[in-house]
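> Chains as they are written, first to last, in numbering that gives the first Met the number 0: chain F, 0 to 156; chain W, 0 to 438.
None of these hints come from the bench; they were simulated from the model.
The C-beta atom is built at its ideal place from N, Cα and C for all residues, glycine as well.
One thing to keep in mind: the hints can contain errors.
[As the list claims (entries may be wrong)] Derived Cβ-Cβ restraints for the label pairs, each shown as a range:
1) F/Leu46 / W/Gly120: 29 to 39 Å
2) W/Asp121 / F/Leu139: 30 to 40 Å
3) W/Lys203 / F/Pro51: 43 to 53 Å
4) F/Val93 / W/Gln128: 16 to 26 Å
5) F/Val93 / W/Ala382: 45 to 55 Å
6) F/Asp85 / W/Gln265: 50 to 60 Å
7) F/Arg147 / W/Val52: 43 to 53 Å
8) F/Met47 / W/Leu320: 36 to 46 Å
[To be verified] Here are some, though not all, of the chain F residues that point toward chain W, as calculated from beta-carbon distances under 7 Å:
9) Pro51
10) Ala53
11) Ser63
12) Val90
[To be verified] Taking beta-carbon pairs under 8 Å as the criterion, some of the chain W residues facing chain F (in silico):
13) Pro19
14) Glu20
15) Arg82
16) Trp85
17) Tyr86
18) Arg129
19) Thr130
20) Gly131
21) Thr427
22) Trp434
23) Gln435
24) Val436
25) Arg437
26) Cys438
Next come the chains, spelled out residue by residue.
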Amino acid sequence: MDHVILLGKAYPLLSAPPLPMMNMLLSCGFPSPAADYESELVDLNRLMLRHPDASFLARAHGQSMTGAGIHDGDVLAVDRSMLAQDGDIVVACVEGEYTVKRLSQRVDSVALVAENPAYKPIVVRNADELRIFGVVVLVLHPLVTEGRRGLSYVRPQ
Amino acid sequence: MFGLVDCNNFYASCERVFRPELEGRPVVVLSNNDGCVVARSQEAKALGLKMGVPYFQVKAEYEQRGGVACSSNYELYGDMSRRVMWYLQQRAPAVEIYSIDEAFMDLHGMQRHFDLAGWAGDVRGAVRQRTGIPVCVGVAPTKTLAKLANRLAKLANQMVNSTNQLANSGSGVVLLDDEEQQREALAQVAVEDVWGVGYRSAAKLHTAGIRTAAQLAGVGDAWARKNLGGVVGARMLHELRGFPCSSVAVEDEARKSLCCSRSFGQVLTRMEDVAGAVASHAARAGEKLRAQGMAARLMTVFIETSRYGNMPPPYSFSAQLTLPTATDDTLVLTGWARRGLERLWRPGMRFVKAGIMLDGLERAGASQQAALFADTARSPERAKLMGALDALNKRYGGGAVRVGAAVTMAGQPEPWGMKRGAKSPAFTTKWGELWQVRC
Numbered sequence: 000m001d002h003v004i005l006l007g008k009a010y011p012l013l014s015a016p017p018l019p020m021m022n023m024l025l026s027c028g029f030p031s032p033a034a035d036y037e038s039e040l041v042d043l044n045r046l047m048l049r050h051p052d053a054s055f056l057a058r059a060h061g062q063s064m065t066g067a068g069i070h071d072g073d074v075l076a077v078d079r080s081m082l083a084q085d086g087d088i089v090v091a092c093v094e095g096e097y098t099v100k101r102l103s104q105r106v107d108s109v110a111l112v113a114e115n116p117a118y119k120p121i122v123v124r125n126a127d128e129l130r131i132f133g134v135v136v137l138v139l140h141p142l143v144t145e146g147r148r149g150l151s152y153v154r155p156q
Numbered sequence: 000m001f002g003l004v005d006c007n008n009f010y011a012s013c014e015r016v017f018r019p020e021l022e023g024r025p026v027v028v029l030s031n032n033d034g035c036v037v038a039r040s041q042e043a044k045a046l047g048l049k050m051g052v053p054y055f056q057v058k059a060e061y062e063q064r065g066g067v068a069c070s071s072n073y074e075l076y077g078d079m080s081r082r083v084m085w086y087l088q089q090r091a092p093a094v095e096i097y098s099i100d101e102a103f104m105d106l107h108g109m110q111r112h113f114d115l116a117g118w119a120g121d122v123r124g125a126v127r128q129r130t131g132i133p134v135c136v137g138v139a140p141t142k143t144l145a146k147l148a149n150r151l152a153k154l155a156n157q158m159v160n161s162t163n164q165l166a167n168s169g170s171g172v173v174l175l176d177d178e179e180q181q182r183e184a185l186a187q188v189a190v191e192d193v194w195g196v197g198y199r200s201a202a203k204l205h206t207a208g209i210r211t212a213a214q215l216a217g218v219g220d221a222w223a224r225k226n227l228g229g230v231v232g233a234r235m236l237h238e239l240r241g242f243p244c245s246s247v248a249v250e251d252e253a254r255k256s257l258c259c260s261r262s263f264g265q266v267l268t269r270m271e272d273v274a275g276a277v278a279s280h281a282a283r284a285g286e287k288l289r290a291q292g293m294a295a296r297l298m299t300v301f302i303e304t305s306r307y308g309n310m311p312p313p314y315s316f317s318a319q320l321t322l323p324t325a326t327d328d329t330l331v332l333t334g335w336a337r338r339g340l341e342r343l344w345r346p347g348m349r350f351v352k353a354g355i356m357l358d359g360l361e362r363a364g365a366s367q368q369a370a371l372f373a374d375t376a377r378s379p380e381r382a383k384l385m386g387a388l389d390a391l392n393k394r395y396g397g398g399a400v401r402v403g404a405a406v407t408m409a410g411q412p413e414p415w416g417m418k419r420g421a422k423s424p425a426f427t428t429k430w431g432e433l434w435q436v437r438c
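Assemble the whole structure, with the sequences as input and the hints as a guide.
Here it is as structure tokens:
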């Protein structure tokens, strides 16, 4: 072979198995002291979808919760298995549409409060009428564009 | 004791979980290609819409009265079903998934520790809370009676709904644990609504003057053996009387056959178009096989013409092929599928559906020696290729990498693609269609 042309870096296409936590402690000679502690796999699903039946992912749209760290396009993990408590960020149904707000219990009403001063709270007089889908438990916020990570298919068209 | 959990108006309920604007409105779900009504919300039932009715016949009046129609979204229904079943498996010692929206639970011994009616009510509430899907539960000493109890629970629930009280204030649970309750329940159910009584048996029973489940439970075993399919009929009677004849069958063995078929979005007359559909079904069948670690020995290719045109029957044509060796290789499967199609092709006919059925399933690699005689043996390279194919399709979405026969020109719609004009997004199973919430 005379010459080599560098085309770019090749990444393994077949996704690697989830990262083993302890396996990097391999040693030669002596048996690894970590061998007995193998090997809980880091599985993001256990974090994002804690309850496989009751966990749902949703894409956030809008600016009203930026103060709580939820930005337009973020992915939210919503858990239906927990009861919403005062102060939780919830997905609630307002006029036939789901919205993300902070739940605020007041003396004679319930309010859905935005985390952005430009948005007014939504006051629900009759708490029984408030339908809550679930509690928002995690936010996945990208720090570089998904396209740069080769995830262009992730965003809706 | 056995429990039967059955989801209420399952497909319509799935749609409502993510589309709250559908709450309180009549909702129907249509079959493939938006043909017939296959699921109805309580409100749609109240409007008198019948199951299976061609939608175009009722569309104008139904939509004028505020009804909404959804194209079937099996990605969504499958995922919601998986959620319901997963939860039931956490609660009951053994669960038999009977259909997409029904499961039997083995509750033996539990009545000593739990008030079963209370327990069933708790399960029902939890499924609703955790998945958003409303269910009814029937609990009884046999599967047949549990099924019947569930039916009564559903009827009670519907009555509550139709008298305009708060939806779902019916308890949604019926427990038949003593003979008195069982007798009363049997008297309320028509014989044709008993689990296992088919259309033909029902006609026979009616001729014999047997109208209710209670009357059926009272017929002699000899008569049942003679008229209701032998042992099967006798078993049904025993179960109705409270003696269990079948247990909960937990499915851990992979299925014995699998089928991939779809109706086309339009009538197809060119063999090349139908061949594309057949190839895509064969490829999907291969993917399913590999996911289960199975390989197939028998392949049936079938194509169907419309039953509603002017042509006389037959409407369905099929070719069966015995493969030289059990295979899970998409390229081998699509090759044989093509040969099958060529063998059964009828020029000049108008086809509306095609499919692939695979039988004779065995564990992949179980018949290694036969591979000696096959040109496309299950070589390690081919296995790797299939692994890569599956990984790519998993990573970039189904159909990212396909066999050439199943590919259309860039930008051209697949001529065999389905019409699903009013399909909601695959809210829970595709990144690109993920459920969206405002904030």
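> Taking the hints in turn, state whether each one holds.
Right, here's what the structure says about each hint:
{"no.": "1", "hint": "F/Leu46 / W/Gly120: 29 to 39 Å", "verdict": "32 Å, holds"}
{"no.": "2", "hint": "W/Asp121 / F/Leu139: 30 to 40 Å", "verdict": "33 Å, holds"}
{"no.": "3", "hint": "W/Lys203 / F/Pro51: 43 to 53 Å", "verdict": "46 Å, holds"}
{"no.": "4", "hint": "F/Val93 / W/Gln128: 16 to 26 Å", "verdict": "20 Å, holds"}
{"no.": "5", "hint": "F/Val93 / W/Ala382: 45 to 55 Å", "verdict": "53 Å, holds"}
{"no.": "6", "hint": "F/Asp85 / W/Gln265: 50 to 60 Å", "verdict": "55 Å, holds"}
{"no.": "7", "hint": "F/Arg147 / W/Val52: 43 to 53 Å", "verdict": "51 Å, holds"}
{"no.": "8", "hint": "F/Met47 / W/Leu320: 36 to 46 Å", "verdict": "44 Å, holds"}
{"no.": "9", "hint": "Pro51", "verdict": "6 Å, holds"}
{"no.": "10", "hint": "Ala53", "verdict": "4 Å, holds"}
{"no.": "11", "hint": "Ser63", "verdict": "5 Å, holds"}
{"no.": "12", "hint": "Val90", "verdict": "6 Å, holds"}
{"no.": "13", "hint": "Pro19", "verdict": "5 Å, holds"}
{"no.": "14", "hint": "Glu20", "verdict": "4 Å, holds"}
{"no.": "15", "hint": "Arg82", "verdict": "4 Å, holds"}
{"no.": "16", "hint": "Trp85", "verdict": "5 Å, holds"}
{"no.": "17", "hint": "Tyr86", "verdict": "4 Å, holds"}
{"no.": "18", "hint": "Arg129", "verdict": "4 Å, holds"}
{"no.": "19", "hint": "Thr130", "verdict": "6 Å, holds"}
{"no.": "20", "hint": "Gly131", "verdict": "7 Å, holds"}
{"no.": "21", "hint": "Thr427", "verdict": "6 Å, holds"}
{"no.": "22", "hint": "Trp434", "verdict": "5 Å, holds"}
{"no.": "23", "hint": "Gln435", "verdict": "5 Å, holds"}
{"no.": "24", "hint": "Val436", "verdict": "5 Å, holds"}
{"no.": "25", "hint": "Arg437", "verdict": "5 Å, holds"}
{"no.": "26", "hint": "Cys438", "verdict": "4 Å, holds"}
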